[in-house]
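**Q** Sequence:
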Amino acid sequence: MEVRNKVKEIISTIEDYAQKKFQFRTEIEYLMELSDKNKMQEHFDDLTFRAKFIINAYNLLMRVGTESSETTKLSIEFKKNLELASDIIRGLIRNAPDEIKIIFQERFEVNTGQNLENMFGLLQELSLIKNYFLDKRPPLIT
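The sequence shown begins at 44 in the numbering used here and counts up one residue at a time.
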């Protein structure tokens with residue numbers, strides 16, 4: 044699948060802003076291209092929002108554990124949002140060429156330790172995209 048230069052330039056800009064080269068750049072380019080092509084940008088936005096929540100919740104849960112009632116609730120929301128993020132990705136690639144579907148299935152879908160690590164890596168990078176757009180959003184009042 045061909046990814047437009049516009050999408051590649053956006054990712055490059057975000058990498059520069061984050062001062063990080065994305066490990067899952069190609070996959071993110073596919074997700075952005077597919078969301079634009081299929082008029083599903085709001086799904087991509089929702090994915091980046093959930094990615095930011097998942098990464099922040101994961102970091103908090105790793106620091107403080109899941110013993111208290113507050114963190115138990117957070118753990119439940121974490122699992123729910125992780126499932127929703129996976130569903131959004133599946134929705135975004137639903138009409139993709141088979142080779143793209145296979146890439147996502149092999150790297151993120153099969154329940155292995157490596158694929159879970161890949162998913163968290165992808166979500167981390169998607170959360171950086173969310174941060175970029177939050178930080179670069181024009182002010183509401185000019």
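Simulated from the structure, these hints should not be mistaken for laboratory data. Among the hints, erroneous ones may be present.
Each pair of labels, with its calculated beta carbon distance range [said to hold, decoys possible]:
{"hint": "1", "residue 1": "Asn48", "residue 2": "Thr115", "range": "42 to 48 Å"}
{"hint": "2", "residue 1": "Glu110", "residue 2": "Lys144", "range": "38 to 44 Å"}
{"hint": "3", "residue 1": "Lys179", "residue 2": "Ile119", "range": "19 to 25 Å"}
{"hint": "4", "residue 1": "Asn48", "residue 2": "Asp89", "range": "36 to 42 Å"}
{"hint": "5", "residue 1": "Arg47", "residue 2": "Ile145", "range": "30 to 36 Å"}
{"hint": "6", "residue 1": "Asn48", "residue 2": "Ile119", "range": "39 to 45 Å"}
{"hint": "7", "residue 1": "Arg68", "residue 2": "Ser118", "range": "28 to 34 Å"}
Cβ coordinates follow ideal geometry from the N, Cα and C atoms, glycine included.
**Q** Now look at each hint and say whether the structure bears it out.
**A** Hint by hint, here is what the structure shows:
no.: 1; hint: Asn48 <-> Thr115: 42 to 48 Å; verdict: 47 Å, holds
no.: 2; hint: Glu110 <-> Lys144: 38 to 44 Å; verdict: 40 Å, holds
no.: 3; hint: Lys179 <-> Ile119: 19 to 25 Å; verdict: 32 Å, violated
no.: 4; hint: Asn48 <-> Asp89: 36 to 42 Å; verdict: 25 Å, violated
no.: 5; hint: Arg47 <-> Ile145: 30 to 36 Å; verdict: 22 Å, violated
no.: 6; hint: Asn48 <-> Ile119: 39 to 45 Å; verdict: 42 Å, holds
no.: 7; hint: Arg68 <-> Ser118: 28 to 34 Å; verdict: 30 Å, holds
Checked against the numbered hints given earlier, the structure breaks hints 3, 4 and 5 and satisfies all the rest.
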